[in-house]
Amino acid sequence: MTRTIHLSLDINGRRYDLDVEPRVTLLDALREHLALTGTKKGCDQGQCGACTCHVDGSRVLSCLTLAAQVEGRQITTIEGIAAENGELHPVQAAFVEHDAFQCGYCTPGQIMSAVACIREGHAGSDEEIREYMSGNLCRCGAYNSIVAAVREAAEMA
Amino acid sequence: MRDFSYLRASSADEARQASLQAGSVLLAGGTTLLDLAKCGVMEPETVIDITHLSGLGEITVDAGGARIGALAKMGQVADHAGIRAAFPAISESLSLAASAQIRNMATIGGNLLQRTRCSYFREPDVFPACHKRNPGAGCSAIGGVTRNHAVLGTSDTCIASYPGDLAVALVAFDAVVELGGRTVSVEDFFLLPGNTPERETTLQRGEMITAITVPASAAPKNSTYLKVRDRQSYEFAAASAAVGLEFETDGRTVRDIRVALGGVATKPWRARNVERALVGKILSLETVEAASRLAMEGAVSHGANYYKIELAPRVVARAILKVGGLA
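As you go down the protein sequences, you meet chains D and U in turn. Heads up: the first sequence begins at 1 in this note's numbering, then just goes up one per residue. Heads up: the second sequence begins at 1 in this note's numbering, then just goes up one per residue.
Everything labelled a hint here was simulated from the structure, so no lab data went into it. This structure is a prediction, so every number in the text was calculated from the model and none was measured. C-beta atoms are modelled at their ideal positions from N, C-alpha and C, and glycine is treated no differently. Among the hints, a few may not be true.
Chain D stretches covered by chain U per the calculated footprint, using a threshold of three residues with CB under 8 Å from any CB of chain U [claimed, not checked]:
(1) 13-26
(2) 52-64
(3) 82-90
(4) 114-126
Could you put together the complete structure from these sequences and hints?
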């Protein structure tokens, strides 16, 4: 028996209606139901940070969040941070400038995490950036460039 | 992950009532529940979402102590100015735990109830034998790879370690769990595995953690949480210590000291024998090192976790020396 529930989600300032099984995570709702595939599925178990999104402005793991839980909250994904005219968010621009990726799979999560990290005031030094970005793994090992990008974006913010 | 039905509770009473039903489970931050549901360790029939309840996430600190609502997030408590000032070890235990994302999700009530990281417990398909999951089924950890397993408080049925950091600081400072109708000390809230490792706390079906209170005094105000681990960040403790210290007016004789250990025991572990050995003594490297060794009284290793018996007393000693101004 498949029981679905109706949800209305506020994502990147737009309302999305969907019918899903209660077990569907925010990550799967974004990727499989709403075609918002910028948010990546890495471990699907809360260990890698690739699925990082913002809920009411704070960074969370969408793989450990039920879609049903975030009805009524404001969700922001990587698709929602550039300006309307397409101009990159300063953190996106800094990642390009510093070549802060290799394969790019962890990058949306890194960027969403970095935007929040800077806003929280936890990007004051390289050491602090490494500590507060530790929930985002990069298996290509682009960490030095990621730290440089976050630091530059923090200094410009 | 098996499907379940979803109920969004509109009041604490509704949540408690619904949770009386067998197979139902409360959902707060979800960082343990959804993880273990994906592992196949938890298979709830009904998930009761309490994250939309209001009034359960407040943090207040006054001269008498702190009261932390069960739905306060780890990150909020870690960054709370009043907690940082009156209970630095509590703040540090939280900011050194998990990742920034998980600290934004996980609640204080849920943090206490996090489950062991025993890799045999977490993989039911590969390791069916686990007394904690399936009483009477055996234990794959005993005789297995035990690097992360407990050396204190173990039994013949279970050597899984309690993985949390916050609860270690809480037992050091006599914190109390509020459960709606009753209260219990954090220390008594957690149970030793004994012959019933499936029972980890005294929480009864239909009960919900509503808040944690911690009394203020000089020792928690002069406190620290020292966590040693295999990675610098985003890793569970190999051994950790929450320590608080108050001197007599001479500034070197111990009036009050609190010591608790994490990463080495089956529950958050208060080391009263270390405390007793130091009260009334003048703090020195020698007295601290000798007292810290008492923390491992009764410790049993199961192979690869032997290093914890060597490591933990050093972690305790370093933490005491730090709050005592000797390191």
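Hint check results:
no.: 1; hint: 13-26; result: holds (count 4)
no.: 2; hint: 52-64; result: holds (count 7)
no.: 3; hint: 82-90; result: violated (count 0)
no.: 4; hint: 114-126; result: holds (count 4)
Hint 3 from the list above is the single one not met by this structure.
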